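If you read the sequences in order, they're chains A and B. The working numbering puts the first sequence at residues 1417 to 1611. The working numbering puts the second sequence at residues 299 to 592.
By construction, these hints were calculated from the structure, which means they are not laboratory data. All figures in this text were calculated on a predicted structure; none of them were measured in a lab. Any given hint could turn out to be false.
[Said to hold, decoys possible] Under the rule of at most 30 angstroms between Cα atoms (straight-line distance), these lysine-lysine pairs were calculated in the BS3-like manner:
1) B/Lys398 x A/Lys1554
2) A/Lys1481 x B/Lys308
3) A/Lys1554 x B/Lys343
[What the hints assert, rightly or not] Negatives, chain A to chain B, calculated, CB over 10 angstroms:
4) Pro1423
5) Lys1468
6) Glu1556
7) Asp1598
8) Ser1599
[Said to hold, decoys possible] Just so you have them, the derived chain B footprint on chain A, three or more residues with Cβ under 8 angstroms:
9) 1531-1542
10) 1585-1595
Ideal Cβ placement from N, Cα and C applies to all residues, glycine included.
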Amino acid sequence: MARLTLPCDEATIRNLKVGDFLELSGRMITGRDAAHHWLIHEYREEVASYLKDSVIYHVGPVVRKHDDGSYTFVAAGPTTSAREEPYQADVIGRYGLRGVIGKGGMGPKTLAGLKQHGAVYLHAIGGAAQVLARCIRKVETVFQLAEFGVPEALWVIQVEDFPVVVTMDSHGNSLHAEVEKDSRQVLDRLLGLSA
Amino acid sequence: MLTAEQWTEKFVEVIARASSQLPRDVVEALERGRAAEAQGSLAQKALDTVLRNIELSAGSWQPICQDTGTPLAWVHHPVGMSTRMLTGACEEAVRRATAKQLLRPNAVNTLTDRNTGNGSAPGIPTVHCEEWDEEHVEIHLMLKGGGCENVGAQYSLPNTKLKADRNLEGVKRCILDAIFQAQGKGCAPGIIGACFGGDRGSSFVESKRQLLRRLPDRNSIPELDRMEQEILAEANTLGIGPMGFGGKTTVLGVKIGWLGRLPASYFVSVSYMCWANRRAGARISAAGEVTWLD
Chain A
1417 MARLTLPCDE
1427 ATIRNLKVGD
1437 FLELSGRMIT
1447 GRDAAHHWLI
1457 HEYREEVASY
1467 LKDSVIYHVG
1477 PVVRKHDDGS
1487 YTFVAAGPTT
1497 SAREEPYQAD
1507 VIGRYGLRGV
1517 IGKGGMGPKT
1527 LAGLKQHGAV
1537 YLHAIGGAAQ
1547 VLARCIRKVE
1557 TVFQLAEFGV
1567 PEALWVIQVE
1577 DFPVVVTMDS
1587 HGNSLHAEVE
1597 KDSRQVLDRL
1607 LGLSA
Chain B
299 MLTAEQWTEK
309 FVEVIARASS
319 QLPRDVVEAL
329 ERGRAAEAQG
339 SLAQKALDTV
349 LRNIELSAGS
359 WQPICQDTGT
369 PLAWVHHPVG
379 MSTRMLTGAC
389 EEAVRRATAK
399 QLLRPNAVNT
409 LTDRNTGNGS
419 APGIPTVHCE
429 EWDEEHVEIH
439 LMLKGGGCEN
449 VGAQYSLPNT
459 KLKADRNLEG
469 VKRCILDAIF
479 QAQGKGCAPG
489 IIGACFGGDR
499 GSSFVESKRQ
509 LLRRLPDRNS
519 IPELDRMEQE
529 ILAEANTLGI
539 GPMGFGGKTT
549 VLGVKIGWLG
559 RLPASYFVSV
569 SYMCWANRRA
579 GARISAAGEV
589 TWLD
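Just chain A, same shape as in the assembly (with noise of 0.2 angstroms):
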C-alpha cells in the first residue's frame, strides 16, 4: 500500500490510478452538502488555506467536546457523495483541490474536473466509522459549526494512514462507470432487455 503525505503536488495525483490503495497522512478538512453550498456561494478566504494542495472528506462525524474545549471524533466514515455532483468540480478549481474523498463515486462533470484540475476521487469504506475514526489523530478548528450544526461543519483534521482506493482518477478512468456498464450488461441478460 503507497502513503501520500498531504497536502501534495499535482505530479503526485497525476501518478495514481484507478485501483490504487492509499494511506494519507497529513491534514484534511471535512465537508458536505451545506459545506458545498458555501464554498461555492462566495470565495471563503477563512478556508481557503485548508483546501489548497489538500483534501475534502465527505463525512457528517460523530463529536465529543471535551471539558477543556477540544474535541474527538467518536465516528467518521464517508457519506454519498453523489451529492455534491453540481458543485464539486467547481469547488476543485476555485479551491485547488488534489482530491476528494467519499463513498459511492461521482458522476461525469466530476470526473471532467478531476482531469483539467489534477485531482482524485478517493474513496473510503462507508460504515467503516470506527475503523475511519480511529486514523482521525486530531481535530485542529472548526468552521460554520454553529450555523450548519456538527454533521455539516467544516472540521480542519490530522489524519494518519487513513486507508482508501482511487476509484476515480485524473485521467478520464472511473471504476464506478465502469462496474455499471458491466452490471447493466448482466441485468438486461437477466431481463431479456437486451438494448
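Given chain A, work out where chain B should sit, using these hints.
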C-alpha cells in the same frame, strides 16, 4: 409496572445495542462474502475493513457508522398499556442517546433547515405500536442510514421499460432493477426489504418491516421464498460487489412481504439496508427484565 422514566432507560439500552453491536447473522453473512471474494481483490479488502470495523464498534460500544440513521421502532405491548407513553419514552430515549453520542444529532428541521441538535423532530423517530395478548413488551428497533434510504425505490406496475406486468415475475423485475440502480451507493453489500401491494405509504413501511427478519429466516409463503432465493442468487451475479468495487457479494439477503391493494394500484416498494444492518430486539417483562432477541 415500569414508569415512563424506566421505559425510557430501557429503550436507551436498546438504542446503544443497535448502534454498536451488529447482529450475529449479518456478521456471518459478511464473513461468507469475504471468503467468496478473490484473494487480494478490492472487494475482499473492503470486507476486511468492514469486519474490523464491526469488531471495533462492538468492543467499544461506539456507533458502527457515523450516520446513526432514522430510528424506526416496532413495539408490541400488553392490553391497556398507553401507546402515548411508549411513544414518548422512545422519543425521549432518542434524545438521551444523542446526548450520550450513541447517536449523531441526526434530525434537521426541514422548514428552517437547522439541525435540531437533539436527534428528534416531527417524524423522527418513527414508532409503530401494536397491542397483543402477551404480558410483556417486545421492541424491535432499526437504525436506517440516509445513504441506503436514498437508494430505495418504488415502482407502479405495469412498467414497460422493465417488461414488468402485474404479477410475481413483474415484482421480481422491479426488485432486481432497484438493486442495479443502487450500485454501491447504499453501502453494498445490502439487504433488501420489499413489499408489493398496499398504498404508496403502507407499502414502504412494510418493506422496512421485512428488514427486521433475520437473514437465515425463510419466507413461509412458498412462492415468495422461491423469489427471495432467486433474487439473492441473481443479484450476486451483477458484479457490483462491496462498495460497488466489483465482486460477488452485492446482496446479503432479500425479504419480501405483501399487502392488499386497490384494483387500480400495484406498487412494488424496495427498501435497501446497508451492510451495517443495525437492528436490535428485546423482550421486556412487566418487572423490567430484558431478554435480547436479535
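*Looking back at the hints listed earlier, which ones does the structure fail to meet?*
Hints 7 and 8 contradicted; others consistent.
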